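Enquirer: Sequence order for the protein chains is A and B.
Numbering of the first sequence is given in the working numbering, commencing with residue 141 and proceeding in unit increments.
Numbering of the second sequence is given in the working numbering, commencing with residue 182 and proceeding in unit increments.
Since the hints were made in silico from the structure, they are not lab data.
Source: prediction; values computed, not measured.
We put the CB at the ideal spot given by N, CA and C, even for glycine.
Be aware that a few hints might be false.
To be verified - Quick list of in silico lysine-lysine cross-link-like pairs, DSS-like style, CA-CA up to 27 angstroms: (1) A:K269 - B:K598; (2) A:K281 - B:K201; (3) A:K269 - A:K197; (4) B:K521 - A:K182; (5) B:K709 - A:K281; (6) B:K670 - B:K709; (7) A:K269 - B:K201; (8) B:K630 - B:K598.
Said to hold, decoys possible - Short, incomplete list of chain B residues facing chain A, as computed with Cβ under 10 angstroms: (9) T208; (10) A213; (11) D255; (12) N260; (13) Q273; (14) S274; (15) G277; (16) W279; (17) L396; (18) P439; (19) K444; (20) I484; (21) N526; (22) Q583; (23) I586; (24) E590.
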Amino acid sequence: MLRFFLFINKQGQTRFSRYYNVQLQPEERVLMEADISRKCLKRGDSQCSIFEFREYKLAFRRYASLFFVIGFDEEENHLAILELVHAYVEILNAYFDNVCELDIMFNIEKVHVILEEMVLNGRIVETNKNNVLAPVLEMDKTSK
Amino acid sequence: MSSQLPTIFNSTFLTSGLSKGFFEFITKVGEARSKQEEDRYVTEELAYLKNKLNQPDISTSKMKDYITRLVYCDMLGHNVEFGHIHAVKLVQSAKGLWEKRVGYLSCSLFLHETHELSIMLINTIQKDLRSSNHLEVCAALTALCQLLNTEMIPAVYGLVEEKLSHPKDIVRKKAIMVFHRLFRDKPELIIHLDEKFRQILSGGDPGVLGAILCLFIDFVKEDPSKYKDLVPVLVNILEQVLDRYLPRNYDYHGAPAPWIQVKIIQILGMLAQDDEKISSEIGQLIVHTLKKAENGVDCSYAIIFECIRTLARLHPQVLTTLIHKPSHLNPLSVITRFLKSHNHNLKYLGLIALSEVDPVWWVEGEWWGEEQMRIIVDCLEEKDDSLKRKTLDLLYMMVNSQNIIIIVEKMTEVLRKTSTTDEFLRKLLVERIIEISGKFATNSEWLVKSIVTVFEIAGDLVDEKTENLAFLIVSKDTDDPEKDSELRKYAVVESIKVLEKDSSNISSSLLIWTVKVLGEFLNHLDEKYGIVINKLCELLNKDNVNRSLQIVIITSLLKQVSKTKNCPNNIMEAIIKCRESSSEDVKQRSQEFIILADDFLLLDEILKPSPYNEEFAIDETLSFLDEFVETALKNGAKPYNPIPIVRNNETSEHEKKPAEIRYEAYEKPDLPYFQSKPVTSNILTFSEPRYGDSGLASPPIEDSMLTSWSGNPPVTPGQLAWMSVSKDSTFGEYEEFDGNRQNRQSLISSVAKIVTSPNSLKWSRAGYKPIQQQPSRDVVTSPTLSAISSEETTKSSSSNVHPFLRTSGKTAPITSITTKSVVLSEKDRLASALLSGVGTNSEMNASIFKHSGNVNSQKSDQRKNIGTPSYHHARTESTFSEIYHNIESLHINKNILQYLKPLQMTTKDYEKIWTNLSNERREEVVGESVINNMEIIKQRLEDGTIDKVNEFGNASYGGDLIGKGCWKIVEIIGKEAIAASQYIQMKNSTLSLNENIILLHFKIQPSYCVFIIRSDIEGIIDNVAEEMKSYFIVE
């Protein structure tokens, strides 16, 4: 099961977070996110992008100044999760047309909704770019 | 600072539909230089929002704006409880789809599933589920996945069930996921839908496949036996996926629906476990899937891993037939390729794949050898802790009586080196070392020494369980009494050694262990008896001695007294002193000691048999009380009424025993109180105020966090550079870079030149671009290109060398092995020692032989393939001319140019079309092929020549594939070139030739060149042509 999605920048600021079935108080969450960003920064380019963190496994990729991190349980297919990070970014990239940190900050609700189309209950439900974006684009159309 | 973020008048803002307040808030937070500054802005914002939200008659669009800001504040860790009710209100009053969706989103983020406010949503959810707009239905279903609770179930159950047959697949998909959620909480509620779900699965609707498979994964995990009949359906789906029957947009980077493949393989694996029939049905298919994935890119690695995991679960009978093949046909041999990779992600894949496979199968399939073993041993010295941990797991898996000494040595070494902060790893190591030493060691002296060593290194981490285990190893009676006594003798000798050291430096767990050993077995060594007893007494009366140690000493002394039937005066004196101890327990024990020391008969009675030698069987049902209860019932006592809360055994025993008396006294307390308690406490903890509603007090900030903030440049949200390049491609490059050292050198130096100082960078929404002038011929400056260059400059300035240039680091481990011959021989020894461990004991000698022979033959096989490519060469040469011919006859250029030329498209549009249509397979091929061809490509770009055909040789496309082929530039736009290419792949193990026509997309940078392969050319051309047509219509 996936436990959380995080986008954290190099300064350790959280730009996006979504948790699945993780009971944490806000303060604990913030501390954990800071911890994770430090761990990610510490890992060299040549080091493995999957590592253990507390009771979770983390898979992360870096895109420019932003770390995209997924936390998940041991039983998941680690490589599939690592690839999911990229799939998600590709979809964001398609939607925002060259997504950047600001896009994510200013459209946090859309980033959330796109994720909801891909992942529900901590499971990967949909990875087809067209299927993921179709409802979001439709909503954009009707609200204009 | 303002130049780094867009201003209000900038186009981002105008088009986004954001309010000014929202914009300013996000900008401020984005620019905050420290956590405190950020907190201050958020606190201000919250005060503002609180005020605003309490005003009457806010329009829903304003409301959405405010709530989105709250989502942001919540994410940053602030208390937004005051806004929860407003989020609910937004859902209730929302008019537009986005407003509704944001409302539901904020509710799912803010509200706990048992939150009292969620009840207020039931009506709205019901209304939306009945809506004719499927997007409203989707919004409600998505929220249900998060918010569904016991009160809601009856209100929405029927509506959600209806949605399983909704005409839109997106609605069906979400409805399935609501049931997925329900299965987690109340599985009994969806039993009757079983048939429906099976129908959906076999219905073959790709739109809901991802969701329904999630559901079945959980079903099968729960009870595989119920779903064995699904195998044909799943096999059928997997075959169709592999044969590309799914619509093309399900492909991801060239692989057909990889996540769906992974899920199906996973379910099949669970179903096939311990089932010979199913195993034999799916065995070949899994191997086939694995083979198909082997040629793919990143996402295929997930499939490969899942295939191996499933293969390892197959029935042994089936697996044997699958892997008893020459190494290149053995599906497991793919692991070697990954183990050998220098890319850590792939190496990690190799290690986790290996850890899924039982060591018995490693040797069975004749692919395993010292080479692999050496790689594993090398991984122990990796700095990368992910690899190290996996390796330790592997060592733990393969341990047996032959290799125990070497493995424990290695583990102890790692334990010694691991930093003390990593408590988890150290603890695990301690447990494992002690466990495997006890299980497999044959040499008693070594065993005792290794236990003591572990205690010495990490005594602080030994918990009671491990310490008991360590004692049990020594004290347990085995079939071989001679050996037992030998072991105990060594244990006593070592224990005495420990006692003779300065006790203040020794961890208490080690002392406890030694004292226990001495108490039990000191009589195995008579000569030092007196000295040891003195030592123990001394230790007992020492100041600040650990209480639990004191207790153990008293017990041990008592045992010795019982054994020797003699209580020396010094013991008595020491014990008497203990009577004054502040600890009740110590007092009690010393008092008992004094009494028992006078009465040896009673003492013998008490101490027999030694409690350490037997494991206690705890009677959890308290059956020994049955008789008592029965008589009590006969005498008219009321039957025990269990209270439905979890309590530990002690209390329940306490409650049960004096049934009659207790019952009278406790008649009153009503059960509901206990029952409802968990719920209320839950709510309480959730709504507990964290730091004041007003949010004025800031949360505590960790020191380390401050440093991480202050050390960095001001927060400048930068461009997310174009993904393909910035992908930080930890995957995708795993070829060797041995040749072309010169080229590499020149590359490195040229990169060094372009490192720009941070001052020359300017921020813009599109990312920062170097100020230096773009070459004038580059008329169309695409954001893509600038993004790439910005990415590159960040990389080089932060001294993260571009992937291409990481070669120097890569070759280092190889040289270090060859130069340090001492290390090598040490490793050889280790590797062969470990190797001997794999497989069963009886086969041991044979397997060593088999292996060394096997490795050699394997090596010579490979040499034959690579070194003497006579057959290879001839075949290549002949196909080469064919390719040359083919490529000349390709109509790509005509087709594309025909459409493209009149359009005068920008590079950006061009890029977009290619990315959208080219089957999404993007792959950077770096290294030799690019370096070799770069000069030519640059030259051609300058000349603008497009009609010359070039050869490229020996480009490697991952692992053991070698490509050879030729390419031709079809189109040049700006600094990018599209080339058509055809190449052959050669697999050194199978000699199979693959012919592919691909498009190469070159992007020239000042210092390097990226080239992206787009495969499936026919499809692309059709798609491009189709897309172009629509352009014409628009024009």
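Enquirer: So which hints don't hold here, by number, going up?
Expert: Hints 1, 5, 7, 13, 14, 22, 23 and 24 contradicted; others consistent.
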